[in-house]
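Enquirer: Spelled out, the chains give:
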Amino acid sequence: EADIYQTPRYLVIGTGKKITLECSQTMGHDKMYWYQQDPGMELHLIHYSYGVNSTEKGDLSSESTVSRIRTEHFPLTLESARPSHTSQYLCASSESAGRVTYEQYFGPGTRLTVT
Amino acid sequence: QQQVKQSPQSLIVQKGGISIINCAYENTAFDYFPWYQQFPGKGPALLIAIRPDVSEKKEGRFTISFNKSAKQFSLHIMDSQPGDSATYFCAASSSGTYKYIFGTGTRLKVLA
Chain A
1 EADIYQTPRY
11 LVIGTGKKIT
21 LECSQTMGHD
31 KMYWYQQDPG
41 MELHLIHYSY
51 GVNSTEKGDL
61 SSESTVSRIR
71 TEHFPLTLES
81 ARPSHTSQYL
91 CASSESAGRV
101 TYEQYFGPGT
111 RLTVT
Chain B
1001 QQQVKQSPQS
1011 LIVQKGGISI
1021 INCAYENTAF
1031 DYFPWYQQFP
1041 GKGPALLIAI
1051 RPDVSEKKEG
1061 RFTISFNKSA
1071 KQFSLHIMDS
1081 QPGDSATYFC
1091 AASSSGTYKY
1101 IFGTGTRLKV
1111 LA
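Chains A and B, in that order, give the protein sequences.
Note that this note's numbering has the first sequence beginning at 1, numbered continuously upward.
Note that this note's numbering has the second sequence beginning at 1001, numbered continuously upward.
Isolated chain B, as found in the complex (with noise of 0.2 Å):
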């Protein structure tokens, strides 16, 4: 119950296309969602992260959409472009446990 999956676990998208990875989870607990961007040899790094009062949140080209009835959310890169080539990772907790399930993380590659 604890568990996040992730999925595809690798995406390839052309310049200019959208690229969308998704996560879903069974702990009805979980109150916080981040997903995390990570280049190779690097710590990973904030993305964007909702709560689940809100079904969608949009920052720039990255966009997250939760469903809170289906236990689904979903990362949404608009436009993408080969800097964007990275592995996401997404995540979620409970307030007051302080700790995240991280899923297993999708490695994206976007063509020039």
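Here chain A stands alone, though its shape is the one from the complex (with noise of 0.2 Å):
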């Protein structure tokens, strides 16, 4: 069972607002990324960070930020959300050796939806 947290898990919230959506894994992976789902949909990457102080943009554009100040924590915000923002968010992470790809541990998600 892979030690991956999101809070909160559901989330209705007012257009216009700040929010915050927390992502921590206990596995000391450096490899940590969020992705955005629809219910029942492919997944899009759209933040990945390969080590503290480190964070990319994925291949979906988002409007959304995040950090990566400790391994273990890896938040996303969204400074003002609007319904376009209402979908799912997963958080996951990875091990990492040399350039050998492994695994991706996912969170339980965080289902928003913006009002």
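Since the hints were derived computationally from the structure, they do not count as laboratory data.
Where hints are given, some of them may not hold.
Here are a few chain B residues that face chain A, going by a calculated C-beta distance under 8 Å [as the list claims (entries may be wrong)]:
#1 ALA1029
#2 TYR1032
#3 PRO1034
#4 PRO1044
#5 GLY1096
#6 PHE1102
#7 GLY1105
#8 ARG1107
Here are the simulated DSBU-like cross-link-like pairs (lysine-lysine), alpha carbons at most 30 Å apart as the crow flies [as the list claims (entries may be wrong)]:
#9 A:LYS31 - B:LYS1057
#10 A:LYS31 - B:LYS1099
#11 A:LYS57 - B:LYS1057
Beta-carbon label-pair distances, calculated as ranges [said to hold, decoys possible]:
#12 B:PRO1052 - A:GLY40: 28 to 34 Å
#13 A:SER61 - B:VAL1054: 35 to 41 Å
#14 A:ASP59 - B:PRO1052: 33 to 39 Å
#15 A:LYS17 - B:GLY1016: 47 to 53 Å
#16 A:MET27 - B:ASP1079: 40 to 46 Å
#17 A:MET27 - B:SER1007: 29 to 35 Å
#18 A:ASN53 - B:GLY1060: 49 to 55 Å
#19 A:GLY16 - B:LYS1015: 48 to 54 Å
#20 A:GLU22 - B:THR1028: 22 to 28 Å
#21 B:GLY1060 - A:SER84: 39 to 45 Å
#22 A:GLU95 - B:LYS1005: 27 to 33 Å
#23 A:GLU95 - B:LYS1071: 24 to 30 Å
#24 B:PRO1052 - A:GLY14: 26 to 32 Å
C-beta atoms are modelled at their ideal positions from N, C-alpha and C, and glycine is treated no differently.
Using the hints, put the two standalone chains together into the complex.
Expert: In structure tokens, the structure reads:
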């Protein structure tokens, strides 16, 4: 069982509010990821991090921002939520050893609804 | 060239039958091919993964078949059970990128 946590699990918020989605992992993984997924649909990478103080934008353009100040923590922030941000947000992490790709462990997700 | 094409979009199988989901890719640099299973309201979980040095990998009722020359790989679920009803995603990654390219997903329903 992967030790990766996301809070809150569900969030309903009004337009214009600032929100932060939390993601923490206790596995000491260097690499962490944020995906956006509409229910039952494909996963889109919106941010990733290869380590502390390293963040990059993913393949899908997103108005959100991320930070990586500690290895175990990778929060995602929306400065001004809009209805178009309504989606499920999934956090993941993976170990690394050289250039080899390993399993990504996913958190349970945050279901965000912006009214 | 970064796409991973997954089919079918949905699949209905009788209990005890074989479920087959296919994925195709273009980027020959891909060298890691995982399959993820996702239940409603949950995050995806790794089911089985393969690297291109083998053509087949089996774990219990789940088998990945990999065809390097055709740039295709598939998931076979033997003796499918209602508990296997979920959405399945294939993915591909290349060394040094640490990022996955996911397929579009297959919604599997196994009838009791």
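Enquirer: Against each hint, give a clear statement of whether it holds in the structure.
Expert: Verification of the hints:
Because the closest C-beta pair between ALA1029 of chain B and chain A is about 11 Å apart, greater than 8 Å, the hint is violated. Restraint check, TYR1032 of chain B versus chain A: the minimum CB separation of about 4 Å is within 8 Å; hint holds. Taking 8 Å as the C-beta cut-off, the interface hint given for PRO1034 of chain B holds, the closest approach to chain A being about 7 Å. Below 8 Å, beta-carbon pairs count as interface contacts, and PRO1044 of chain B has one with chain A at about 5 Å; its hint therefore holds.
The closest approach between the C-beta of GLY1096 of chain B and any C-beta of chain A is roughly 4 Å, which is under the 8 Å cut-off, so the hint is satisfied. Among the interface hints, the one on PHE1102 of chain B holds; its C-beta lies about 5 Å from the nearest C-beta in chain A, closer than the 8 Å criterion. The criterion of a C-beta within 8 Å of any C-beta in chain A is met by GLY1105 of chain B, whose closest approach is roughly 6 Å, and the hint holds. For ARG1107 of chain B, the suggested interface contact is upheld, since its CB lies about 6 Å from the closest CB of chain A, less than 8 Å.
Among the hinted pairs, LYS31 of chain A with LYS1057 of chain B is consistent with the structure: their alpha-carbon atoms are about 26 Å apart, no more than 30 Å. A threshold of 30 Å between alpha carbons decides the hint, and for LYS31 of chain A with LYS1099 of chain B the separation of about 10 Å falls inside it, so the pair holds. This hinted pair does not check out: LYS57 of chain A and LYS1057 of chain B have alpha carbons roughly 34 Å apart, beyond 30 Å. About 29 Å separates the C-beta atoms of PRO1052 of chain B and GLY40 of chain A, a value consistent with the hinted range of 28 to 34 Å.
Between SER61 of chain A and VAL1054 of chain B the beta carbons are some 37 Å apart, a value that agrees with the proposed interval 35 to 41 Å. With their beta carbons about 23 Å apart, ASP59 of chain A and PRO1052 of chain B fall outside the hinted range of 33 to 39 Å. Judged by the Cβ atoms, the range 47 to 53 Å given for LYS17 of chain A and GLY1016 of chain B holds: they are separated by roughly 50 Å. The supplied range of 40 to 46 Å is broken by MET27 of chain A and ASP1079 of chain B, whose beta-carbon atoms lie about 33 Å from each other.
Taking 29 to 35 Å as the suggested C-beta distance range, the pair MET27 of chain A and SER1007 of chain B conforms, at roughly 34 Å. Taken as a hint, the range 49 to 55 Å is violated for the pair ASN53 of chain A and GLY1060 of chain B, whose Cβ atoms sit roughly 41 Å apart. Taken as a hint, the range 48 to 54 Å holds for the pair GLY16 of chain A and LYS1015 of chain B, whose Cβ atoms sit roughly 50 Å apart. Taken as a hint, the range 22 to 28 Å is violated for the pair GLU22 of chain A and THR1028 of chain B, whose Cβ atoms sit roughly 39 Å apart.
With their beta carbons about 41 Å apart, GLY1060 of chain B and SER84 of chain A fall inside the hinted range of 39 to 45 Å. As the Cβ distance of GLU95 of chain A to LYS1005 of chain B is approximately 28 Å, the hint placing it in 27 to 33 Å holds. Between GLU95 of chain A and LYS1071 of chain B the beta carbon distance is about 27 Å. The supplied range of 24 to 30 Å therefore holds. Range check, PRO1052 of chain B to GLY14 of chain A: Cβ separation about 49 Å, and the 26 to 32 Å hint is violated.
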